[in-house]
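Asks: We have chain A already, so just place chain B on it with the hints.
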Amino acid sequence: MSFLTLSLALVFVLIPLILTKTLNLGLGKDTVIATVRSIIQLLAVGYILTFVFATENLIYIILMVILMITAATHNARKKGAAIQGITWKLIVTFVFIEVLTQGILIGFKITPPEAQYIIPISGMLIGNSMVLSILFLNRFTAEIEARKDETELILSLGGTPKQAIHHSLITAIKASMIPTIESQKTIGLVQLPGMMSGQIIAGADPMQAVQFQLLILFLLLTTAAVTSIMLGFLSYPTLFNSRMQLIKLPDNNNPA
Amino acid sequence: MNNEQAIELKNVSYADGPLKIIKNVTGSFRKGKITSLVGPSGAGKTTLFRLCNGIISPTHGRIIIQAKPIQVYEPTDLRRNVGLALQSATMIAGTVYKNLQLPRILAGDALPEDEAADLLAAVGLDKDLLMRHVGDLSGGQKQKVSIARTLVNRPEILLLDEITSSLDRISTHDIENLIEKINREYNVTIIWITHNLNQAIQISDDTWVMMNGQLIESGPSSLLTNPKNVQVKQFVKGDFA
Numbered sequence: 122m123s124f125l126t127l128s129l130a131l132v133f134v135l136i137p138l139i140l141t142k143t144l145n146l147g148l149g150k151d152t153v154i155a156t157v158r159s160i161i162q163l164l165a166v167g168y169i170l171t172f173v174f175a176t177e178n179l180i181y182i183i184l185m186v187i188l189m190i191t192a193a194t195h196n197a198r199k200k201g202a203a204i205q206g207i208t209w210k211l212i213v214t215f216v217f218i219e220v221l222t223q224g225i226l227i228g229f230k231i232t233p234p235e236a237q238y239i240i241p242i243s244g245m246l247i248g249n250s251m252v253l254s255i256l257f258l259n260r261f262t263a264e265i266e267a268r269k270d271e272t273e274l275i276l277s278l279g280g281t282p283k284q285a286i287h288h289s290l291i292t293a294i295k296a297s298m299i300p301t302i303e304s305q306k307t308i309g310l311v312q313l314p315g316m317m318s319g320q321i322i323a324g325a326d327p328m329q330a331v332q333f334q335l336l337i338l339f340l341l342l343t344t345a346a347v348t349s350i351m352l353g354f355l356s357y358p359t360l361f362n363s364r365m366q367l368i369k370l371p372d373n374n375n376p377a
Numbered sequence: 075m076n077n078e079q080a081i082e083l084k085n086v087s088y089a090d091g092p093l094k095i096i097k098n099v100t101g102s103f104r105k106g107k108i109t110s111l112v113g114p115s116g117a118g119k120t121t122l123f124r125l126c127n128g129i130i131s132p133t134h135g136r137i138i139i140q141a142k143p144i145q146v147y148e149p150t151d152l153r154r155n156v157g158l159a160l161q162s163a164t165m166i167a168g169t170v171y172k173n174l175q176l177p178r179i180l181a182g183d184a185l186p187e188d189e190a191a192d193l194l195a196a197v198g199l200d201k202d203l204l205m206r207h208v209g210d211l212s213g214g215q216k217q218k219v220s221i222a223r224t225l226v227n228r229p230e231i232l233l234l235d236e237i238t239s240s241l242d243r244i245s246t247h248d249i250e251n252l253i254e255k256i257n258r259e260y261n262v263t264i265i266w267i268t269h270n271l272n273q274a275i276q277i278s279d280d281t282w283v284m285m286n287g288q289l290i291e292s293g294p295s296s297l298l299t300n301p302k303n304v305q306v307k308q309f310v311k312g313d314f315a
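Chains A and B, in that order, are what the protein sequence lines are.
The numbering of the first sequence is this note's numbering, which starts it at 122 and goes up by one.
The numbering of the second sequence is this note's numbering, which starts it at 75 and goes up by one.
It should be emphasised that the hints constitute simulated quantities derived from the structure, not laboratory data.
Among the hints, erroneous ones may be present.
To be verified - No more than 16 Å apart at the CA atoms, straight line, and that leaves these computed lysine to aspartate or glutamate pairs for EDC-like: (1) B:K142 x B:D248; (2) B:K201 x B:D183; (3) B:K97 x B:E291; (4) B:K216 x A:D270; (5) B:K172 x A:E177; (6) B:K107 x B:E148; (7) B:K216 x A:E271; (8) B:K105 x B:E230.
Chain A on its own, in the form it takes in the complex (with noise of 0.2 Å):
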């Protein structure tokens, strides 16, 4: 595809914001700012992309993966701002990520170890990762909230901090990793995931497309699991001190 036949696409950026412009919905700024830095981002990501590519120098690989942690840290941290340390917590949890699924991937000789490989499964990875985190933050601290009378009540009958947390704890994984498991029951069904479309419009074998989108689905579901468990272990405990009392949230009480 070239830049001129690319540049004819804009026409579906026309679409929405005639649509917007005539139903006065308001989002004609955002429409633009989202198209000019999807432009931008994209071109710079596919220019250095090509450049480590052609290098195949760890270092660079290791700096892109680096920028993905960063920019997925600095995006989910602000749905846990409420929980103390949480940029360290989801940086360790997504550098674990990364270690496990490429300690996988290359030990086992399931990918090669070229950044081709690495990179785009690393994107991937740490973006749904990131998503999950989201997802699990917000779900966790409204738990917390909702559940504060029965945090409470099990705590002053002698439970610790973590049979107090368990239901808020337990809940919130299983609401985090439930989109994941749902999409892929009617993947292939509903939709074609969009690494598997690329490649088969890129012209590969639609079996060896499939392959490698299998690959990422279950990889996608260790990311699922490991990141809400591991994000809910690392981030209970920041919520009581140490004389097991509940500290991290927003008060509710009733004094009498």
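Replies: For chain B alone, coordinates are given in the frame of chain A:
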């Protein structure tokens, strides 16, 4: 006369942000006695209970439980020994039996069904309720289950927060008898919050009157019939009127 103290508070204050809820409270609860905690809403009575159970810590001052500073105790041991049953009677989803089992499960143990049934009988509930879902209980039944659940830990000090507020007259009388029974037979120190001053005079040995986060007057419950403090006089008059 038993002069041992179950709980002593020395210049205890508690603030939630800028809001001062407990203000420089000094006083003690006698061991083995029943003490009523009375006062208007917002006086800080429930907060005082939460401080004694260790769910929150004072911002200033010291709390001494059975002659030892509160911070000496492991929080889990403290909370099992200083049982707390709140007015809200929060239940965990499931059956009455599941709720009664909770303290034992938290301690890594189990509560046999017959022991749970005995506890229900002790608080005046039919053992047939054991397998009933807590969502199907009345407010009064929940209060009784909440007390029974706290008793599972066999606390030496029991803090009861307006446990008779949603009970009918007969149930209230049952709970009053239960409080006296627990106190007498098991030598449990009981501190309970009540809005019913007649109840305080009849049931308790001592009474604390709290207003606006402060301890205004304390002593034998007879103080309610002849208070020294002007504010307490007005409070008692208002209640009895």
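Asks: Work down the list of hints and note, for each, if the structure agrees.
Replies: Going down the list of hints, with the structure as the test:
1. Our distance criterion of 16 Å between C-alpha atoms is broken by K142 (chain B) and D248 (chain B), whose separation comes to about 34 Å.
2. Between the alpha carbons of K201 (chain B) and D183 (chain B) the distance comes to roughly 21 Å, so the proposed pair goes past 16 Å and is violated.
3. Only pairs whose Cα atoms come within 16 Å are accepted, and K97 (chain B) paired with E291 (chain B) is accepted, the gap being roughly 14 Å.
4. As the CA atoms of K216 (chain B) and D270 (chain A) are separated by approximately 15 Å, the hinted pair is consistent with the 16 Å bound.
5. The suggested pairing of K172 (chain B) with E177 (chain A) is violated, with an alpha-carbon distance near 60 Å, which exceeds 16 Å.
6. Proximity of K107 (chain B) to E148 (chain B) is assessed by CA-CA distance (about 25 Å); at most 16 Å being required, the pair is judged violated.
7. With a CA separation close to 14 Å, the supplied pair K216 (chain B) and E271 (chain A) stays within the 16 Å bound.
8. Between K105 (chain B) and E230 (chain B) the CA atoms are separated by roughly 9 Å; this keeps the pair inside 16 Å, and the hint holds.
Consistency with the previously given hints fails for numbers 1, 2, 5, 6, ordered from lowest to highest.
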